[in-house]
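Based on the hints, put chain B in the right spot on chain A.
Top to bottom, those sequences are chains A and B.
Mapping of the first sequence onto numbering that gives the first Met the number 0: position 184 corresponds to residue 183, and the numbering continues sequentially without gaps.
Mapping of the second sequence onto numbering that gives the first Met the number 0: position 150 corresponds to residue 149, and the numbering continues sequentially without gaps.
Calculated directly from the structure, the hints in this document are not laboratory data.
Wrong hints could be hidden among the right ones.
[Stated by the list, open to error] Derived SDA-like pairs (lysine to any residue); straight-line CA-CA distance at most 25 Å: (1) B/Lys309 <-> A/Gln9; (2) A/Lys262 <-> B/Asn378; (3) B/Lys309 <-> A/Asp6.
[Unchecked claim] On the chain B side, residues computed to face chain A include the following (Cβ under 8 Å): (4) Leu9; (5) Glu232; (6) Ile297; (7) Leu300.
Everything numeric in this text was worked out from a predicted model, so none of it was measured.
Backbone N, C-alpha and C define an ideal beta-carbon position, used for all residues, glycine too.
Take a look at the letters that make up each chain.
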Amino acid sequence: MDFLIDDELQMLEESVRRLVARDYTFSHREQIRQSADGWSRQTWRQLADLGLLSLIVPEEWGGVGAGPIGAMLVSQVLGTGLLLEPFQASALVATHALIQLADAAQRERWLPSMMSGDVTAVFADAEMGDDETRPTLRTRAVREGNGWRLDGSKHMVYHSGSADLLLVSASVADDASGEVALFVVGADTPGVHRQSFRTVDDQRAAFIELTSVRVDADARVGADANVALCATRDFGLAMQCADALGTLERILAATIEYGRTRKQFGVAIGNFQALQHRMVDMYMQVEQARSMACLAACRCAGTDAALRSAAASAAKVAIGQASRFVGQQAVQLHAGMGMSDELDVSHCFRRLTAFELRGGSTDWHLRRYAKLTRLI
Amino acid sequence: MDLDFSTAELAFRDEVRDFLRTRLPADLRDRVTAGDDSRVKQDIPRWQAILHERGWGGPAWPVEFGGPGWTPTQQYIFETECALADAPLQLAFGIKMIAPVLMRYGTPEQQQRFLPRILAGQDWWCQGYSEPGSGSDLASLKTRAERDGDDYLVSGQKVWNTLGQFADWIFCLVRTDNNGKPQRGISFLLIDMKTPGITVRPTRLLDGTHEVNEIWFDQVRVPIGNRIGDENEGWTYAKFLLGHERTNIAGIGASKRELRRLKEMAGARFRDGASLLDDPLIASRIAQVEIELTALEITNLRVIFDAQNKRAPGPQASMLKIRGTEIHQRLTELQVEVTGSAALAFDTRHNDDVPRAMTDYLNRRKLSIYGGSNEIQRNIIAQMILNVQGA
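Just chain A, with the same shape it has in the complex (with noise of 0.2 Å):
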């Protein structure tokens, strides 16, 4: 048991959290955010120059090796800039899915453009309902000639919108078994309709309609995708829960420091013995949900399905409950400064907000953990 992180990871976090600091602040984030795409290829570009595009790809394929923990640890620093940029959508997600699945020409193909920022993917997965369904997905791929016809919609797909790749998991209709397949789609194929949106918490994702889409038989990535892309769900689980970590952390800050500053009373409001005990219940809700966050990051990098399963539903749980208590008492705490858009902590709560509905309820993965831990 130790909680240390490396050093070549802790260098690489430091100069994450100074790119955060001295370009992704407040007001250039505004800038950003009032863009019409929504998210700067300049930012992608630093992040490429940093190598976090590369983050979790195999050295000997040129990227970085980090692994869960470093991207972990990378994506709670991007969460506390409260990142635009498809980071996670794109260099985590999708490129785990295509590191697990994809063979020496697929890789070929996709990652180098990926790792360098020409190109973002994303993980075309969730539909419309599947919090009751899922892995059942409702999207199917029938062969036909020497390729695929896939025939489907997917729901709510955070920066698919912008994204050239769509990696799009389906069911093989012509087969019973229940086989799961990924093909890599171009966002340009005939079929593919996007319907593109903001999202509450300033970032872009689309519904995405797929009609005869035809696509040769190299688009499709491994055999079997179920296991695999079931283990792509779970890292991307803790890597949102790692995101919203990181922007828990700047809006407890925040709240302390308002605490610490705002006088009434002719007193700073800290000294309030009902503020003081709100903010350390604050406090040890973010505590608790560093812990889960490293819980679930640890179990992507091992090898038990189930208790990866099991971790990551148990951090969705805890960290989204975290993202209710801490993001209303946070806008409580900065009452009617809470409440405006001028603040950071608006921001935070929307996107904290968000987090807690994205990939599935709390409702769904408190009842995925029950059954995971029925017999203890």
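Using the frame of chain A, we list chain B on its own:
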């Protein structure tokens, strides 16, 4: 970063498990399992002697005083495994409270006189801190000690004294000076419970047990040689005692044991033909508390890791205390919930067929009150970690 125990730590855990399997007497274990404290006066020293024989009597004691010299991680593993095996609790007042004070502030004579007997389970120690008017505001205590030759004469009243009815010795905070700040003028005395003038009266608790007492002191004669450290400096030693060995304060092992018990209870009860374990409402509540316990377990490991690397846990221990007690209390609530109206049968508590859910639920309300109430713990965190009060 690695949350799993190392090979060496796992080997140690197996060694502890093996010891518990072979050396924990079945009758002791069964009484702990049943919540039967009718023989606690014999059971606790008996278990202490068995641990002592193995060299494990003082899990956190350094080697020079007869301890095993374990790392904080080993101590954590030991306590967790003991709790999971339903071993009797070691008496904290001796092993964990007065012993570290003696090691740090006691004279060599005091150390030689008391420490070996604590380790062997020969002396039963209790605590004389709280008074009728002094709870969280401990420094307002009024029990007074006046010099009379080479002795003090102690008069006053202590309350919420745990298991003092069995005690050989009590460590007491007494007032030796009324001038200046309340924290000044407190002295720390070790008092033989057989001394004339001491009266122990039971205080019945809401669970019907006799776990705590009032203790009255009427001109009780205590040799000056039984004072820890300097006169009027007792507050320093008291604070040291309260702040010592708090890395295991979360009680992870005990909560894991109660979680296991909760699942067994839920699994054995049925509603509309289905096990309560499969009732979505019950299952979600169990899952919720299990997740909170998991989070606290990792948090506890983080604090232990920091302690092992010479970063003092300090106020983080207050967080372990708050969350640990809240979770343990929640588990006892859920045990009552799954037991339902059967938990109302109260005077059959040691009948195997009747669950101990209600008595545990009632008794464990104390957890968030004693050892510094959870509100005091929140004050500590606010002041020391958050520093929220501003300029």
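Quick rundown of the hints versus the structure:
no. : hint                  : verdict
1   : B/Lys309 <-> A/Gln9   : holds (20 Å)
2   : A/Lys262 <-> B/Asn378 : holds (20 Å)
3   : B/Lys309 <-> A/Asp6   : holds (20 Å)
4   : Leu9                  : violated (10 Å)
5   : Glu232                : violated (30 Å)
6   : Ile297                : holds (4 Å)
7   : Leu300                : holds (6 Å)
Going through the hint list in order, the structure does not satisfy hints 4 and 5.
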